[in-house]
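Could you slot chain E onto chain X? The hints should help.
Residue numbers (this note's numbering), protein chains in the order written: chain X, 1 to 289; chain E, 1 to 845.
Just so you know, nobody snuck in bad clues.
If we take Cβ atoms under 10 Å as the criterion, some of the chain X residues that face chain E in the derived model are:
#1 A22
#2 Q44
#3 I59
#4 D64
#5 S211
#6 I213
Everything labelled a hint here was simulated from the structure, so no lab data went into it.
No experiment lies behind these values; they were computed from the predicted model shown.
Positions of the beta carbon are idealized from the N, C-alpha and C atoms, including for glycine.
Spelled out from the first residue to the last, the chains are:
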Amino acid sequence: MTRYGMVIDVSKCVGCYNCFIACKDEFWGNDYPPYSKAQPDHGQYWIKIAEKERNFPQIVVRVDYVPMPCMQCKDPPCAKAAKDGAVYVRDDGIVIIDPEKSKGQKQIVDACPYGAIYWNEELQIPQKCTFCAHLLDQGWKKPRCAEACPADAIIFGNLDDTRSQVRRLWKSAEVLSPEQAKGDLLSPPGGDDHGSSVRYIGLPKPMVGGSVIFGDTGECAEGVAVTVMDGGNALASAKTNAFGDFLIEGLELNRKYVVRFEHPDYASKELEVTVSGDINLGEVKLERR
Amino acid sequence: MNIKAQVRGHPRKMAGQEERKCYNLDHGGVVVATVRDGKIVRVQPLYLSNDDAPSWKIAVGDRVFTPPRRSNATQFTISIRRRVYASNRVLYPMLREDFDPDKEDRKTENRGKSKYVRITWKEASEIVAKEVRRIREKYGPVAIAAMMSSHQMWGYINASYSAFTRFWSILGYTEILNNSDSWEGWSWGAEHVWGFYWRLGLPDQYDLLDDALKNSDMIVLWSADPDATNSTYAAYDSVMIRHWLKELGKEIVVIDPYCNYTAVRFADKWIAPKPGTDAALAAAIAYVWIKEETYDKQYVETHTVGFEKWADYVMGKEDGTPKTPEWAEKITGVPAREIRALAREWAKKRTMLGPGNRAGMGGACRAPYGHEWARMMVYLQAMQGLGKPGVNFWSTNTAFPSWEEFNFPGYVNGGMNVPGIAKQVYLNPVKQKLLRTLVPDALLTDKRLSWRGFGFNLGSTEQQFQLNVYPLPKPDGAPIRMLYKFGAAYLCTMPDGNRWARAYRSPKLEFFVVQNPWFEGEAKFADLILPAATNLEREDIAEWNNGGGASGAIPHGSNSNAHRIIVYMQKCIEPLGESKSDFHIFLELAKALGIEQEYSEGEDVEGWIRRVYESSDMKDVMPFEEFKRRGYYVVPVPENDVSHRSFATFYELGRGLATPTGKIEFESRTLAKFDPKDPERPLVAHYIPSWEGPESPTAAKYPLVLITPHVRFSFHSQHDGEKNPWIDEIPHHRVYKDGRYWWPVWINPVDAEKRGIKDGDLVKIYNDRGTVVCIARVSERARPGSLHAYQASAIYEPKGDPGNPASPELGGCVNALTSLRFMSKNAHGFAPAHALVEVAKWEGS
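Next comes chain X alone, as it looks inside the complex (with noise of 0.2 Å):
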């Protein structure tokens, strides 16, 4: 059997869009009855790209790049929606939007809750995603978003297949929750309530970071180590580099932490921090012992 999966590896994107792009190529002036019609020059994003910059400015801005396509669910809400069938499940997991019995139901692109479904007002049918389920099925091994990625960051194959890439890779992969696919890139995973045929590898986690400097030399602290206490655990850890810069990801929204900053000759200090987001301590100061 087939079913299909695709496996995003955020820490691997680079945002040059080529995804969104060759969707466009793909789609555009291109009718595929019966999957899909084509895809307007504007206004519709197959493939859409969250992007969330980590405000770390004296050390870096770190941007994260979140490619989403359809989630291709195995219980599709928009298939609920649907009526005259017109949203069907194939066996091999492609949530197709039937482009002909789907017309004047704009009450489906209401009903996904990743936003992933959108309207074309001249056709007045709902359009989204495909896996590019009309090349897979002539043979062809990935859609084209896949194809185009310079980075290798869209793994895509069969899930049914035990040597497949995909496959090793989905048990670790989490699912995008509907709350991330709508813009809050911090907030935790999903729970896969709607059985998710794309997870994620990487996906972005509140981070703390800060540039230590030593209070009698005023130069940078390197070597410093900075541990992340959750209650009286250990959370992580990390050495500060040249720099006296530290960045440790992996916090949990609306949790207490505390930043614990040691070093043999200077004097230990902790900081307490609230997760709403990521935390930049900026300039934090040793004092020698």
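Then chain E, alone, in the frame of chain X:
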């Protein structure tokens, strides 16, 4: 008639054709197009087959690195079919409706505003022929100027150095000399330190990926954004390389006033000097090394000359000011402790310096006194033993394993006008030249213009000092009366865009022809527009990312692709409307002027392709017919290929550079000989405050510094604007608001708040040269006090009179704000990388 109504409509349908694959080339990679029923329906990157040459491998410890079996493409190349079918294609020869070549009054003031009427090719070529004859008879061939762009669509036969240059050289014309637009400081500065005049002052780039993966610990990218500029034409073949570097634990530091696209994904540290102050930062790094004795004294002794003079400047012996990190902090805004940390880290670790797109270039070199920064870049690596394993010039995106000995020409090599390819080569008989950046002065003033240097100065370092004047004294010289523009638009890639617009409307310019596929840029100012077909509608032969073959500006540039790929550029579809390939446009004009035989030698375009093929090593590896059918060839890397990194020989011998001493010259002998007393380019590099930077007097009026780096989601202006609505949807390229896709400007929250600007507000950026409306993206990625907006909008749409600095420009032509001034008195390089501006919310509509 409105030209818009003319260019809409559908492509001609060729009935009965089946789906077929078609190979072509673009600035952003190999194009694999699918053509169905005479229409291009799909464009993909090239995936290599098992028949193609194997990919190289580099073993590092227990890992083996090998590139994906494909040629990556950029988003603008994947979307290239959209610009073929763009709504602003010019499909027929178009004449400005109020232009009458038989009348004295040519209504030049209407250029940029007039509508156009469709005419036939016969009429068009006759108008050109008649005007050429009239001007030649009245003023001589010298009064006709022909101007190529820095770039045109990809190809070799159809390239500017080929068909265009051959055609105009037969007739004779005032050549418009290109300036070293993307690498100014390297040519005008670094060249006086290490030679390399034959490659633009940029360093050799061979086998440095191997060196970096095995031997380097740190990469410093200074004024470099390889994820945005792609080693110019290599598309995304280096993305994987940067992932490899991170996997191997190499530290990456990015120095740029804007937290650029490479920094946001790969940097461990972003250092943001104020625009124009990079040389001060460099001097302070040298200070730390000298003070702490962490530079390579032995190497400096054996491989360089003039170090004492540099040390005297750095340590303050020369001018009483030691260039301490604290001194630099005041100028650059970078904390002194971070400068010290960077200097120490650099000295401690084996460090690659990537100062710009291909181990040279970078915004800092296209800035006032950019030559001083470029010279200092060489100084710094010289102080750390340039050429030592792991210590070199490399921006992560060049010098992959490659069989460079396999000979195939690059686009500057000359195509149809090369001995051995052409039976007769034509050299332009007209002596008069005009420097490109002085074209507006030539058309707007009666000043006698002068400059030193000859285009890219590829012949020798001494060429930089050759004095030129315009117009030349009679009988050799005369003011230009006609301008023929070929290639990509100068609006908005040239600085001081409004001044160019005023120049194009000058009554001194009696006849202005533009050859271009799209109604944009200066096409909107032309008297006559000749409709060029795009590269997908014509045949040609070319190599991906080969700008200069074995010789020329950037020799072996294609070693920044994972695979060398030579393409028989197949014609995917017939030219749309009545458009013609560039080769055929010049053929049409040659017929009208009676020089057809001279131009074409009776050969059609396939004949020329065959001649190029025969002249190259392609003839030894694949029969012509097979190459033509198959579409591409992958040049193998021989199995016994031995890595020989750049500067390895120099490192061993301590001599052999193309400087008078053969060594790295901290104190330049060429400057000592030709310009011994130039305070703007002293014998040893100095930090000289920018005339358009935070320390310049103009900053009191215009306190923000706008930087304008090379655009990421287009190739200059070539994929922007009406040509490609898909690219408009990328919110880093343009942002939609109230019915228009606006050019984004990045502004720091501090500067935005001071001016009541919120994310997504329309703002006007202005100075004495122009007023440009952009959409604000409020972000920490812009350092406080500076703005970031890309350099090359394809839309120039002034609301009001074209060329008027007060007319709000709506297309995002930020080059309307930059200056055409020479970077320094004796170096005619331009300096548009930063400009002083103010910004305010725009209340217009």
